[in-house]
Amino acid sequence: MSGADVTLSQVRFSYGAGAQMLFDLSVDASAIVALMGPSGSGKSTLLNLVAGFETPASGKVTIGGADVSALPPARRPVSMVFQENNLFGHLDLAANVGLGRSPSLRLTRKDRDDVLAALARVGLAGKEKRLPRELSGGERQRVALARVLVRDRPVLLLDEPFASLGPALRADMLDLLRDLHAERRMTVLIATHQPEDARAIAGGIVFLEDGRVAASGPTGLFFGPERPEPFARYIGGKAASPPG
Amino acid sequence: MPANRPLPGLIALSFVAVLVGGAFAGLLAEAASDPSGAAGAFDAYLGRIVRFTLWQAALSTLFSIVPAVLVARALSRHPSFPGRSLILGLFAVPLGLPAIVAALGVLALWGRAGLFAAPMAWLSGGDWPGIYGLAGILVAHVFFNLPLAARLLLEALEAVPLDHWRLSAQLGMGAGANFRLIEWPALRAALPGAAALVFMLCVTSFVIVLMLGGGPAATTLEVAIYQALRFDFDPARAVALTLVQVALTVAAVAAMARLGASPTGEASLALAPRRYDRPSTAGTVIDAALVAAAVLFVAGPMAATVAAGLDADLGRLATEARVRSAAATSLLLAAAAALLAAALSFALVAMRHRLEAAGSDRRAGFPASLLEWAAGNGALFVLVVPPTVIGAGWFILLLPTGLVFAAAPVMVVAVNAVMAMPFAVRAIRPAYDAAAARHDRLAAQLGIAGWARLRLIDWPVLRRPLLTALAFAMALSLGDLGVIALFGSESVRTLPYLLMERMGAYRTQDAAGLALMLGALCLALMAAAGRLGRERA
Chain B
1 MSGADVTLSQ VRFSYGAGAQ MLFDLSVDAS AIVALMGPSG SGKSTLLNLV AGFETPASGK
61 VTIGGADVSA LPPARRPVSM VFQENNLFGH LDLAANVGLG RSPSLRLTRK DRDDVLAALA
121 RVGLAGKEKR LPRELSGGER QRVALARVLV RDRPVLLLDE PFASLGPALR ADMLDLLRDL
181 HAERRMTVLI ATHQPEDARA IAGGIVFLED GRVAASGPTG LFFGPERPEP FARYIGGKAA
241 SPPG
Chain R
1 MPANRPLPGL IALSFVAVLV GGAFAGLLAE AASDPSGAAG AFDAYLGRIV RFTLWQAALS
61 TLFSIVPAVL VARALSRHPS FPGRSLILGL FAVPLGLPAI VAALGVLALW GRAGLFAAPM
121 AWLSGGDWPG IYGLAGILVA HVFFNLPLAA RLLLEALEAV PLDHWRLSAQ LGMGAGANFR
181 LIEWPALRAA LPGAAALVFM LCVTSFVIVL MLGGGPAATT LEVAIYQALR FDFDPARAVA
241 LTLVQVALTV AAVAAMARLG ASPTGEASLA LAPRRYDRPS TAGTVIDAAL VAAAVLFVAG
301 PMAATVAAGL DADLGRLATE ARVRSAAATS LLLAAAAALL AAALSFALVA MRHRLEAAGS
361 DRRAGFPASL LEWAAGNGAL FVLVVPPTVI GAGWFILLLP TGLVFAAAPV MVVAVNAVMA
421 MPFAVRAIRP AYDAAAARHD RLAAQLGIAG WARLRLIDWP VLRRPLLTAL AFAMALSLGD
481 LGVIALFGSE SVRTLPYLLM ERMGAYRTQD AAGLALMLGA LCLALMAAAG RLGRERA
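Top to bottom, those sequences are chains B and R.
Residue 196 in the working numbering sits at position 196 of the first sequence, with consecutive numbering throughout.
Residue 254 in the working numbering sits at position 254 of the second sequence, with consecutive numbering throughout.
To be clear, the hints were calculated from the coordinates, so they are not data collected in a lab.
For each residue, glycine too, the CB sits at the ideal point set by N, CA and C.
A couple of the hints might just be wrong.
Computed footprint of chain R on chain B; a stretch qualifies when at least three of its residues, placed anywhere within it, have a C-beta under 8 angstroms from a C-beta of chain R [to be verified]:
#1 45-57
#2 80-87
#3 95-109
Label-pair ranges, simulated between beta-carbon atoms [as the list claims (entries may be wrong)]:
#4 B/SER164 with R/GLY83: 34 to 44 angstroms
#5 R/ALA524 with B/SER39: 42 to 52 angstroms
#6 R/ALA159 with B/SER104: 19 to 29 angstroms
#7 R/ALA527 with B/HIS193: 52 to 62 angstroms
#8 B/HIS193 with R/ALA247: 55 to 65 angstroms
#9 B/ASP172 with R/LEU446: 44 to 54 angstroms
Among the chain B residues that face chain R by a calculated CB cut under 10 angstroms, a handful are [to be verified]:
#10 PRO72
#11 PRO73
#12 ARG75
#13 ARG76
#14 HIS90
#15 LEU91
#16 ARG133
#17 ARG147
Start from the sequences, fold in the hints, and give me the full structure.
Dropping the structure here:
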């Protein structure tokens, strides 16, 4: 399955009496876009709005041209990977991935084969009977990606998925994500704090500030001499050196 | 930190040791002086009592835990509806209610002259004898423990990470899959601990069985100890009963520790996490029915207590000399017990922290690490020995001296203080440890120590937790009947003791009025404790 374009048109949202957020952006099918911005700028909220965990006060979320604003999370063509808690601790890896096929774990022969293939694809062949606690943090996120593979939805949302991993592990995971994207061509929105993440895989960057899109464009622009002012302020000295 | 001497902590530990040790000395001395009598007490009667004690505790646990699972799941499936926090608050009330008040509430509903007597008589097609024996005990135990278990299990359900509910919504799990894959695993992890806690509370339950057992057929070890000492005057039998009771509680507490339960277990239900699943209409109706049934079951006896209490001649009771003096005695003894409990707990907490800090500097030697362990767990240890057992031991020890009734105030204060310590420690320790971690080095550098430190550094931070501990300990002590039942007399009478006397004299109206006063007093203190505890955070 290939990707679907994602659009938020004039989507308004606020937590209770909190500040008003307003999102207006569109992401092309099969693109990889990094969502960046300070804590509280609305990165997770934006992903939750696309996934259906939050409902806009007004405005429209469309995926592949269809309005999904009123659909419950399970009916949206979307998979999401969280920073942690992606796995159920008492279920082995095969079951955790299998949930992506059947939420009541009624799996056919073919489903089971697909689960094993997905685990092998993310580098966890032979570990299907392990429990999540026997894995490292990086391996647990690989299991979450294996579930994304068996679900095979056109949009993949990642909410700071590698934030708790060290630099080497994070680079490995970004490589894996890039390869999976090359195979499946799903649209990827990844929220991250790390400019390197964006540089490594994202074709474009959406920079959020105070619940609004403050800047967006191709990744090259953000790391070039003409980088948008809010982004320059955010990363400070970090991107002083030219992209190498 | 050489300026901090461990003396207060050592005194506190010694106090607990003397109290518990003295009780055992009394028991062992009696057993030694009359070995054949004590051995002879291990007879068929004792076997019957042990069986009934375990049987009623097992049934109480079953009837508390199974509905609690359903109620907890229903509440967790609906994280926000009007009245939800009110219901959770209601479920916390029985914990603060003296057992004797609850027993009266149950009788006001289900007793021979209770509100349900007429319909029950009609249903049974004859005379309604009132709910006594096993049925009465079970109703009262479930009244106490169903809400407690429901809160503990709900806490376990609410600890499920929000991401799991999101995942479940995204994967499209239905109610069945949610229960099988998310709710049940969370419940299963908490169930053994909750069940063990309820079982232990029911094995050591005294007042409920005394008030509602209604005869030798429904007698537990605790009540049998009391009867052996107060009525049959049979210390040898009391020794045998006490030893069996201690063995039972040790086993129950050991099981609890293995199952990871806290003997002072109380759920902290902060903000319910959001859930993304939408229960079906049928599911919602069933949930509502379950919660409503539990609410009625818990609120019923309380409402009946209030109704019966207001029916009593409160004005006359309030001016009656005996009531006044009993109230004054109760307040005085409870205040003393609370102060003692808070002081002992503070000393232990401080010593434990100091030893721990010292232990992290260097490898602690054997005595130091043992002392640290004792300071950390000594308070919990007293839960193994129910108040009746300590009371029985001292009763026997004091018997030859003829000081039994004169010692009443001392015994009530000392035993109630020690019984309240585990709860007081729980209130004080987190705040003390956090404050010490922040202030220790600064205080050491500036040379603030001893009394100055207590006044300038510790008191402002620890005032609230200390007051929480005080209020909680005072409520516990005010409602206690275990010790005063043994030591009470014409000269020393507390409110619960007076209540028991009036019940025994069939002055039901008076008893109802007293129960209302006592219950209101204890709940006010508990509410104050809860409030002080919450605002601290």
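Consistency of the hints with the structure:
no., hint, result
1, 45-57, "holds (count 3)"
2, 80-87, "holds (count 5)"
3, 95-109, "holds (count 5)"
4, B/SER164 with R/GLY83: 34 to 44 angstroms, "holds, 39 angstroms"
5, R/ALA524 with B/SER39: 42 to 52 angstroms, "holds, 43 angstroms"
6, R/ALA159 with B/SER104: 19 to 29 angstroms, "holds, 23 angstroms"
7, R/ALA527 with B/HIS193: 52 to 62 angstroms, "violated, 44 angstroms"
8, B/HIS193 with R/ALA247: 55 to 65 angstroms, "holds, 58 angstroms"
9, B/ASP172 with R/LEU446: 44 to 54 angstroms, "holds, 50 angstroms"
10, PRO72, "holds, 7 angstroms"
11, PRO73, "holds, 4 angstroms"
12, ARG75, "holds, 8 angstroms"
13, ARG76, "holds, 8 angstroms"
14, HIS90, "holds, 5 angstroms"
15, LEU91, "holds, 7 angstroms"
16, ARG133, "violated, 13 angstroms"
17, ARG147, "holds, 9 angstroms"
In terms of the numbered hints stated before, the structure departs from hints 7, 16, listed from lowest to highest.
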